Amino acid sequence: MTLEKGKMIKIFRKMLEIRHFEEKVYDLYGQNLVPGTIHLYAGQEAVATGVCANLRKDDYITSTHRGHGHCIAKGANLGKVMAEILGKKTGYCKGKGGSMHIADFSIGMLGATAVVGAGIPIAAGAGLSIKLRKTDQVVACFFGEGASNQGTFHEGINIAAIWKLPVLFVCENNLYAMGTRQSRVMAIENVADRAAAYGIPGFVVDGNDVIAVYEVARKAVDRARSGGGSTLLECKTYRHKGHSRFDPATYRPKEEIEKWLKRDPVRRFRAKLLELKTLNKMELDKIEEEVSAAVEDAIRFALESPYPSPEEALEHVYI
Amino acid sequence: MREIAYRDALREALREEMFRDETVFVLGEDVGRYWKGAFKVTKGLAEEFGDTRVRDTPISESAIIGVAAGAAITGMRPIAEIMFGDLSALAMDQIANQAAKLRYMFGGQTKVPLVIRMPFGAGVNIAAHHSQSLEAWFMHVPGLKIAMPSTPYDAKGLLKTAIRDNNPVMFFEHKLLYSINGEVPEEEYTVPFGLADVKREGEDVTIFATLYMVHKSLTAAEELSKQGISTEVVDPRTLVPLDKQAIVNSVKKTGRIVIVTEDSKTGGVSAEISAVIAEEAIDYLDAPIKRVAEPDTPIPFSPPLEKFVIPDENRIMQAVKEVVH
Chain A
13 MTLEKGKMIK
23 IFRKMLEIRH
33 FEEKVYDLYG
43 QNLVPGTIHL
53 YAGQEAVATG
63 VCANLRKDDY
73 ITSTHRGHGH
83 CIAKGANLGK
93 VMAEILGKKT
103 GYCKGKGGSM
113 HIADFSIGML
123 GATAVVGAGI
133 PIAAGAGLSI
143 KLRKTDQVVA
153 CFFGEGASNQ
163 GTFHEGINIA
173 AIWKLPVLFV
183 CENNLYAMGT
193 RQSRVMAIEN
203 VADRAAAYGI
213 PGFVVDGNDV
223 IAVYEVARKA
233 VDRARSGGGS
243 TLLECKTYRH
253 KGHSRFDPAT
263 YRPKEEIEKW
273 LKRDPVRRFR
283 AKLLELKTLN
293 KMELDKIEEE
303 VSAAVEDAIR
313 FALESPYPSP
323 EEALEHVYI
Chain B
2 MREIAYRDAL
12 REALREEMFR
22 DETVFVLGED
32 VGRYWKGAFK
42 VTKGLAEEFG
52 DTRVRDTPIS
62 ESAIIGVAAG
72 AAITGMRPIA
82 EIMFGDLSAL
92 AMDQIANQAA
102 KLRYMFGGQT
112 KVPLVIRMPF
122 GAGVNIAAHH
132 SQSLEAWFMH
142 VPGLKIAMPS
152 TPYDAKGLLK
162 TAIRDNNPVM
172 FFEHKLLYSI
182 NGEVPEEEYT
192 VPFGLADVKR
202 EGEDVTIFAT
212 LYMVHKSLTA
222 AEELSKQGIS
232 TEVVDPRTLV
242 PLDKQAIVNS
252 VKKTGRIVIV
262 TEDSKTGGVS
272 AEISAVIAEE
282 AIDYLDAPIK
292 RVAEPDTPIP
302 FSPPLEKFVI
312 PDENRIMQAV
322 KEVVH
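First to last, the sequence lines map onto chains A and B. The first sequence begins at 13 in this note's numbering and counts up one residue at a time. The second sequence begins at 2 in this note's numbering and counts up one residue at a time.
Any given hint might turn out to be false.
With a straight-line Cα cutoff of 20 Å, these simulated SDA-like cross-link-like pairs (lysine to any residue) come out [said to hold, decoys possible]:
id : chain 1 : residue 1 : chain 2 : residue 2
1  : A       : Lys143    : B       : Gly76
2  : A       : Lys146    : B       : His141
3  : B       : Lys245    : A       : Tyr330
4  : A       : Lys22     : A       : Ala306
5  : B       : Lys245    : B       : Lys176
Which residues of chain A face chain B? A few of them, derived with a C-beta cut under 8 Å, are [claimed, not checked]:
id : residue
6  : Leu122
7  : Ala136
8  : His328
These are computed hints drawn from the structure, not numbers from a lab. What you are looking at is a predicted structure, and each value in this text was computed from that prediction instead of being measured. Note that beta-carbon positions come from the ideal geometry of N, C-alpha and C, so glycine has one too.
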């Protein structure tokens with residue numbers, strides 16, 4: 013364990029924020045306060061947090077339909093994320109995007125796309141932009157294992173590889189693309205093995221171990237920042253809830269769910285912090301209370317915010 | 002005034018804008034120093050600006066547009082070339098769902114200053130996958146602009162405007178236009194979007210035409226004038242934004258309109274133009290709207306087959322006579 017205490021606490025707080033936030037989104041959804049659908053990030057917190065803990069504010073990320081966690085990990089304001097999910101005027105996208113299309117360009121969050129795999133070439137393009145502008149920014153591109161079967165995965169990573177673009181491709185392998193288990197649609201076990209086809213490094217990491225994610229992402233980010241090019245990082249993880257609204261996820265064996273719940277990344281990291289005596293129980297509880305209060309504030313802000321006026325639907329088509 | 006070819010006018014626009022703004026760069030299949038673009042529009046640019054700003058890509062249309070969109074939202078002004086417009090189908094998600102919608106979905110946080118240059122159109126016997134006119138596809142996607150220059154002057158002026166525009170612009174070129182010559186001033190100019198050009202003034206009937214069909218319509222108009230019919234030819238130059246007023250004004254003047262486009266008829270651009278006239282100028286019509294377009298077939302290969310489906314001067318003249326008499 014090479015991480016300094018402050019960094020570990022920051023990471024723990026971020027993971028907790030995502031977990032509390034997603035649990036509250038689920039509650040609000042149950043109360044019929046969330047229009048449309050939701051794809052919760054709970055269970056995968058170590059991936060976004062571990063990767064984004066290596067990024068600067070001016071670094072970029074691209075995200076997916078399961079993107080709340082990416083936003084929060086990159087430093088988005090909880091209230092503005094929640095307001096967007098509720099379709100409020102004060103949301104990041106003024107209610108135009110919703111849960112599946114949140115962006116915050118002020119922190120390099122280039123947006124979530126709800127077309128599976130579509131963000132991969134866009135991330136490569138941000139990487140090309142960095143290279144042409146000669147800055148030392150990097151891009152982290154999040155997507156699921158399902159997206160790795162899209163043509164955009166092949167086209168986007170190939171271009172990033174040949175042009176040595178500063179992009180970290182982060183595959184969050186949660187085993188299921190909606191209800192389709194990976195083994196039914198891929199003849200290989202590790203998405204990271206595909207990196208060899210593009211001539212870039214590929215790594216598999218325990219995506220429920222935030223420090224493990226942090227460490228391997230750090231090397232890839234350093235490599236990208238120093239001109240070494242792209243990396244494909246596969247994080248093995250699991251979503252706690254179903255794919256989206258109303259999905260009880262009955263296609264997943266009970267034993268499998270139990271096995272993964274025991275590996276809950278948030279509880280694991282909390283236990284680790286106790287074990288390492290980084291923080292004691294009282295200190296951890298205090299952080300949890302603070303996070304809980306921050307999420308409550310975010311909900312209050314979102315609930316009290318107005319909806320956009322209907323004719324705002326006509327704005328922002330063109331500039 | 003000097004005369005230069007359409008392809009050279011396009012190249013001048015690219016070159017001048019690359020000089021003016023270092024965020025402008027070109028990417029596409031074989032646009033670089035080795036092939037210089039399938040229609041030689043980018044000839045010499047790699048030598049002048051380097052391979053970094055004139056980038057050959059793999060055959061990956063989806064990634065060409067996705068990469069361009071990603072660069073556009075992070076401070077660059079990419080010009081992507083799709084070698085044949087038909088192949089835009091391979092990039093349709095990145096064009097229609099990503100580039101066109103990013104600004105809107107994200108509540109105006111970003112802009113997408115991206116130009117997608119594509120040659121369209123039939124007439125060179127390369128059949129169904131390299132000959133289509135697909136402007137109606139893109140006209141149906143809010144967030145995209147569509148430029149369709151018919152002359153070297155418009156080609157240069159519209160391309161400069163497209164590059165400076167902060168929205169994704171679908172830039173339609175026509176294969177048969179690349180070698181035509183026309184007057185292009187040496188000094189700096191641009192052609193604004195949303196401003197139609199009356200390519201020929203007339204009194205009896207209006208022809209609305211785009212791209213190569215402008216030239217066929219002008220030839221038809223000249224022939225018709227010998228037969229005593231005075232024809233006005235209106236070239237919208239951009240379909241989005243569309244200069245509705247120019248169309249309505251011309252219809253008010255002549256009372257008759259023939260819409261000539263190279264795309265297939267059903268759900269085509271001519272349907273939209275007809276609807277605009279029906280909504281905004283129907284009281285000024287002295288005859289029904291007439292459309293000259295391709296029949297609803299793919300573009301066939303064999304010369305007599307292809308010639309049969311592409312609108313020609315005779316069909317245009319026949320349509321004009323039907324509405325005039």
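(request) For the pair we were handed, Lys146/A and His141/B, check the Cα-Cα distance against 20 Å. (result) Measuring from Cα to Cα gives roughly 37 Å; hence the hint is violated.
(request) Identify whether the interface hint at His328/A stands, where standing means a beta carbon of chain B within less than 8 Å of its own. (result) Given a least distance of 4 Å, the restraint on His328/A holds.
(request) Take the C-alpha atoms of Lys22/A and Ala306/A, compute the straight-line distance between them, and say whether it is at most 20 Å. (result) Roughly 15 Å between the alpha carbons, so the hint for Lys22/A and Ala306/A holds.
(message) Hinted pair, alpha-carbon criterion (20 Å max): Lys245/B, Lys176/B. Please report holds or violated.
(response) 27 Å, violated
(request) Under 8 Å, Cβ to Cβ, is where Leu122/A needs to be relative to chain B, so tell me if that hint holds or is violated. (result) 6 Å, holds
(request) Measure nothing beyond the straight line between the CA atoms of Lys143/A and Gly76/B; if it is 20 Å or shorter, mark the hint as holding. (result) 12 Å, holds
(request) Would you check whether Ala136/A satisfies its interface hint, that is, whether its CB is within less than 8 Å of any CB in chain B? (result) Hint holds; Ala136/A Cβ to chain B Cβ min 5 Å, cut 8 Å.
(message) Lys245/B and Tyr330/A were given as a pair; does the straight-line alpha-carbon distance stay at or below 20 Å?
(response) OK: Lys245/B and Tyr330/A at ~18 Å, within 20 Å.
Violated hints, in rising order: 2, 5; the structure is consistent with all others.
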